[in-house]
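Assemble the whole structure, with the sequences as input and the hints as a guide.
Taken in order, these protein sequences are the chains called A and B. Quick note, in this note's numbering, the first sequence goes up one by one and the last residue is 246. Quick note, in this note's numbering, the second sequence goes up one by one and the last residue is 1099.
Taking beta-carbon pairs under 8 Å as the criterion, some of the chain A residues facing chain B (in silico):
1. E157
2. T186
3. H203
4. H205
5. G212
6. Y213
7. A220
8. R223
What the hints contain is simulated information worked out from the structure, not anything from laboratory work. Where is the CB? At the ideal position from N, CA and C, for every residue including glycine.
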Amino acid sequence: MQVQGDIGIRSATTSQPTTRSPAEAVIDQATTAFGTIDTRMLAQAVLGPMLAGGPANASLLRDIGSQLSPVQQGNLQRDITDTVEKLVESIMKFFNGLFGSAATTPTAPPAATLPPAASDSAQVPGLESIARDPVVASAIEASWNASNPNTPGAKVETGFWVVRDNATGALSVVQFPSNGTNDSLTPGAPPAIDGKTTVAFFHTHPNTSAEGYTSGPSSADQRFADATGIPGIIRSHDGMYYFNNR
Amino acid sequence: MAAAVLLASAAASCSQSAPKEITMATTSDDTRDEALQAGIKLVAEKFPDFSPARKTPTVTEDGDTWVFTYELPADMLGGAPVVVLSKADLSVVKTYRTQ
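Right under this line is the structure:
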């Protein structure tokens, strides 16, 4: 009887009520008159509730992100980072005004700057977004330096897996074993970590064209991506390379 | 196309083990096997730092050339020397390395 009553109420209305999820509502608000999504507005909409605290807001970000294209995801990440940086800057200015030199700007490690994609790299926006993540970008920088790219005779390929926390979306890295030669590396199996998903692997190509080497992914690199089902990122002297598994 | 299997004694000498099976596509051009032997010899001479251990010498056809290289094990990232040979006289067209 209760079910019939529910059906009766709904059929009495002229149209089915549409239920918008919180994420869809935020995206609707951030969609401009031209039908495009303003990711700066999205960033502000996400950060407001986040600053108020609460684990539910991380899921809001994840839900929003799942409805965006890889390019929009990258733009949103950039806009959130920019907004947070400006917010911190404003806070520090405020406290510096109150306390003078007693309040000092916290010294954050400088963000690693990735070189641009090599001219002959495939364009894979989702992978580029992963590489630009501050944690991953710093790990790429460290791995590149550890491969001694400017020291002939001491060059060694290094790399790591990139894993994503299924709950928070946060990225972290799991280093490959230190078994590289100047032009090869054996990573082992992708990490199996509860609650985390391996989303990419990274390794260096420290040899130069002047030494007779190509810079992009080798057939073995591509075969490895295909076999593991995980896309790859490379840093070389010619820039970054991004390649999908097939 | 069915695959033919060759026993390459030269490959065996490079991998320091018993004669190794090399899978190659069947072709009417019998210079493929000569290209394989030439490639093994050229890589050993030109790239003495390269270790062919656990790697399989292969030859593929590319127009008027044979492309010789070593295939890495499936669990390995990296590259190998590549020697491009003219089909006509097995002269070296170019060499390079992948990584």
